[in-house]
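**Student:** Letter by letter, the chains look like this.
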Amino acid sequence: MSIDLRAGSPPARVPFYNDPKVRSIAYQVALCAVIGFLVWGAASNAIDNLRKANIASGFGFWEQTAGFDISQSMISYTNQSTYGRAFWVGLLNTLLVAAIGIVFATIIGFIVGIARLSKNWLVNKAASGYVEIIRNIPLLLQLLFWYNAVLKALPDLRDSVKIPGGAFLNNRGLFMPEPVAQSGFQFVLIALAAGIIGSIVYYRWAKKRQDKTGQQAPVFLVSLGLIVGVPLAVFFAAGLPLTFSYPEAGRFNMSGGIEVLPEFAALLFGLSIYTAAFIAEVVRAGIRAVSHGQTEASYSLGLRSPPTLRLIVVPQAMRVIIPPLTSQYLNLTKNSTLAVAIGYPDLVQIFTGTVLNQTGQAVEVVAITMAVYLTISLTTSLFMNIYNSRIALVER
Amino acid sequence: MTMSEGDLAVAQLKFVRQTTLEQQPPPKSMTGAIGWLRENLISTPFNVVLTILIALFLLWLIPGIVKFLLIDAVWTGADRDACREIVQNRPIGACWPFAWERLSYFTYGSYPIPQRWRVDVFFAMLAIGVVWILSLKAPRRDLAAYYCFIVLPICSFILLSGFEAIGLPHVDTVLWGGVLVTIVVSAVGIVVSLPIGILLALGRKSDMPTVKLFSVLFIEFVRGVPLVTVLFMASVMLPLFVPEQYSPDKLLRALIGIAMFASAYMAEVVRAGLQAIPKGQFEGAMAVGLGYWQMMRLIILPQALKITIPNIVNTYIGLFKDTTLVFIVGIFDLLHTIEVSRLDPKWATPVTSTTGYAVAGIFYLVFCYAMSRYARATEARLAKSDRR
Numbered sequence: 008m009s010i011d012l013r014a015g016s017p018p019a020r021v022p023f024y025n026d027p028k029v030r031s032i033a034y035q036v037a038l039c040a041v042i043g044f045l046v047w048g049a050a051s052n053a054i055d056n057l058r059k060a061n062i063a064s065g066f067g068f069w070e071q072t073a074g075f076d077i078s079q080s081m082i083s084y085t086n087q088s089t090y091g092r093a094f095w096v097g098l099l100n101t102l103l104v105a106a107i108g109i110v111f112a113t114i115i116g117f118i119v120g121i122a123r124l125s126k127n128w129l130v131n132k133a134a135s136g137y138v139e140i141i142r143n144i145p146l147l148l149q150l151l152f153w154y155n156a157v158l159k160a161l162p163d164l165r166d167s168v169k170i171p172g173g174a175f176l177n178n179r180g181l182f183m184p185e186p187v188a189q190s191g192f193q194f195v196l197i198a199l200a201a202g203i204i205g206s207i208v209y210y211r212w213a214k215k216r217q218d219k220t221g222q223q224a225p226v227f228l229v230s231l232g233l234i235v236g237v238p239l240a241v242f243f244a245a246g247l248p249l250t251f252s253y254p255e256a257g258r259f260n261m262s263g264g265i266e267v268l269p270e271f272a273a274l275l276f277g278l279s280i281y282t283a284a285f286i287a288e289v290v291r292a293g294i295r296a297v298s299h300g301q302t303e304a305s306y307s308l309g310l311r312s313p314p315t316l317r318l319i320v321v322p323q324a325m326r327v328i329i330p331p332l333t334s335q336y337l338n339l340t341k342n343s344t345l346a347v348a349i350g351y352p353d354l355v356q357i358f359t360g361t362v363l364n365q366t367g368q369a370v371e372v373v374a375i376t377m378a379v380y381l382t383i384s385l386t387t388s389l390f391m392n393i394y395n396s397r398i399a400l401v402e403r
Numbered sequence: 218m219t220m221s222e223g224d225l226a227v228a229q230l231k232f233v234r235q236t237t238l239e240q241q242p243p244p245k246s247m248t249g250a251i252g253w254l255r256e257n258l259i260s261t262p263f264n265v266v267l268t269i270l271i272a273l274f275l276l277w278l279i280p281g282i283v284k285f286l287l288i289d290a291v292w293t294g295a296d297r298d299a300c301r302e303i304v305q306n307r308p309i310g311a312c313w314p315f316a317w318e319r320l321s322y323f324t325y326g327s328y329p330i331p332q333r334w335r336v337d338v339f340f341a342m343l344a345i346g347v348v349w350i351l352s353l354k355a356p357r358r359d360l361a362a363y364y365c366f367i368v369l370p371i372c373s374f375i376l377l378s379g380f381e382a383i384g385l386p387h388v389d390t391v392l393w394g395g396v397l398v399t400i401v402v403s404a405v406g407i408v409v410s411l412p413i414g415i416l417l418a419l420g421r422k423s424d425m426p427t428v429k430l431f432s433v434l435f436i437e438f439v440r441g442v443p444l445v446t447v448l449f450m451a452s453v454m455l456p457l458f459v460p461e462q463y464s465p466d467k468l469l470r471a472l473i474g475i476a477m478f479a480s481a482y483m484a485e486v487v488r489a490g491l492q493a494i495p496k497g498q499f500e501g502a503m504a505v506g507l508g509y510w511q512m513m514r515l516i517i518l519p520q521a522l523k524i525t526i527p528n529i530v531n532t533y534i535g536l537f538k539d540t541t542l543v544f545i546v547g548i549f550d551l552l553h554t555i556e557v558s559r560l561d562p563k564w565a566t567p568v569t570s571t572t573g574y575a576v577a578g579i580f581y582l583v584f585c586y587a588m589s590r591y592a593r594a595t596e597a598r599l600a601k602s603d604r605r
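Line by line, the protein sequences give chains R and L. For the first sequence, my numbering begins at 8 and goes up steadily by one. For the second sequence, my numbering begins at 218 and goes up steadily by one.
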């Protein structure tokens, strides 16, 4: 942006230190130098301190025996397994609670969000009260409340609450019958897979036909029949190849069945209820963003209320809802790290907690943990950008 | 007035009303309490079912809460026996004597008792600052910013940490706790995150590639990881990165973590504000010969910050709630002092935990709700200037 005076007069003489280009380069060199110096200083101090404290560095610990137990794991793990194995156990536990939490938070959030727009005064106020109270109390407090004040206050093993159907509830968790597949169950799974593929094929065919001829097909009913009905029929035909292993109360512990830890349940409750309050606001904003004219136009074209909602309002609202909804899902996943406060064995509790304390290799352990979350976040935002560019309004 | 034949014919018809009727009030069933009920609670069968279900739920929930907090609550007592169902032979609600006895611990942590007046002075100074900068009618609001962002931090540090030369003995941060730490952590986050956030936002929009690169890296990195891991990084990695003798104390490490985290989020809020400023404003500022910093200081930032005030306050609410996470790296904030107190054998009863959490819940609810009301009021006030 140098000043360039034409019409005969010589260009104004700008001293080189006032030239924006020179200045910009000088600033950038200075910034790089400062950051480079900081990084170099930090690295040399770290090497120094680690040598003094006699802490190993590098990722050799990955293959060492962990030597601690983990209360919940989805893959086989004993205290003889390696730290690397413990990492995968933690990561899977994090993903498990995040996935189930996302499902629950979405369901509650959509219900509450729509309830906030309801004309029913009581429903509206109850939903607003829920959102205001839950959003303004820290998640950590809610988690501690669910864990210490609710789930740990349940009766102990001897006075377990018996739930009809063979389940037990006590302060060690929820114990449910575990379905055990007998021979012949694989046919049911094959039928289920076939049903899903069949309904996708049917949906495509129906859409093509509607585009061509305008004739509609009962896609929902046919898919329901294919996905639920066919496997059920096969299940009965194969002679009910499924038994349940019921939990039994021993003297000191329960045996058999599926065990839901109170830590897991508390984390799941807390995350779902907290995130649902934010999702409710996202949903409300999304639906309100669809202007009333759209609904009126749809009615005047002769569509009734349900198809108006399904074909006009929801598709437009989703365009507004999905990006902030995704960031709420990411927040839920990141907030699952609060598991460390109530002792649910997630990635942070196992890895940044126990493994860090045992090995002392702070830099490697924290870096690995951060890399995991960073990968999840960046992958999600990558997909989000692709999605956004696909659904963005095409303006003329 | 002359009448045409047709009009006359109409006038002679007995069954046509000749005068306009007075306006009638709407039917009884459409107004008043009944009308309101019909419209708002029982307009359709589905709504009737919903109303009944929600009413039943609220009738179960609200009396339960009131009963626990007030009716069945224990108001006086010396130790756990006052709050035990077996001893008292009645249903027991909240155990308020426990909260009352521990109130000073919840407020000051382990801060030495003879020095606690210093914390009180700090709270008073902070209250003055907040009222001064937030109330629109306060005198000399231009000085309030200097007070809040320069005078207050320095005075608070001297007051709380101690300064031997003027007779204030040093109090180690290990002893700080309770509401004091919660407020200090959130205040530092609030005061530090705004200027750094602005710089990062400007850096992200800068023309200089390396400035932009480092800003984007920092913002995306910090926003991509959970706060817990940032705090872990600050508390276990930071001491490795500095020479041993300069190793920061535990509270300072947590403060650095919180400040980094809050700055990255603030940067994105400010950036959103900058993007809402039309390009003409930048061009206009350059055309009148302003340099980069003058342009930002005088033209762009005042407008950008004005429209982002509600979002800034929302970020502060999030930050205030997030300060509870310092609990995880071993700082004694309000939640941590409650967590420690509820395990005290002197007060071990089934209701102690719930009472403690109720105290914390009310504290956070009041503060966060007040902040969100302020954000909404500001939004409404600023919207006035855009109304035509």
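None of these hints come from the bench; they were simulated from the model. Any given hint could be a false lead.
When the alpha-carbon atoms are kept at most 35 Å apart in a straight line, the in silico DSBU-like pairs for lysine-lysine are as follows [as the list claims (entries may be wrong)]: (1) L:K538 - R:K28; (2) R:K159 - L:K563; (3) L:K231 - R:K341; (4) L:K563 - R:K28; (5) L:K467 - R:K159.
Predicted model only: the values in this text are computed from it and were never measured.
**Student:** Hey, K538 (chain L) versus K28 (chain R), does the alpha-carbon distance stay inside 35 Å?
**Tutor:** Violated, at about 45 Å.
**Student:** Is it true that the CA of K231 (chain L) sits at most 35 Å from the CA of K341 (chain R)?
**Tutor:** violated, 81 Å
**Student:** Going straight from one Cα to the other, do K467 (chain L) and K159 (chain R) come out at no more than 35 Å?
**Tutor:** Since the Cα atoms of K467 (chain L) and K159 (chain R) sit roughly 31 Å apart, the hinted pair holds (cutoff 35 Å).
**Student:** Would the hint linking K563 (chain L) and K28 (chain R) be met if the CA-CA limit is 35 Å?
**Tutor:** It is violated: about 71 Å lies between the C-alpha atoms, which goes past 35 Å.
**Student:** Regarding the pair K159 (chain R) and K563 (chain L), is the alpha-carbon distance no greater than 35 Å?
**Tutor:** Distance of about 19 Å is within 35 Å: holds.
The structure does not agree with the numbered hints 1, 3 and 4 stated previously, though it agrees with the rest.
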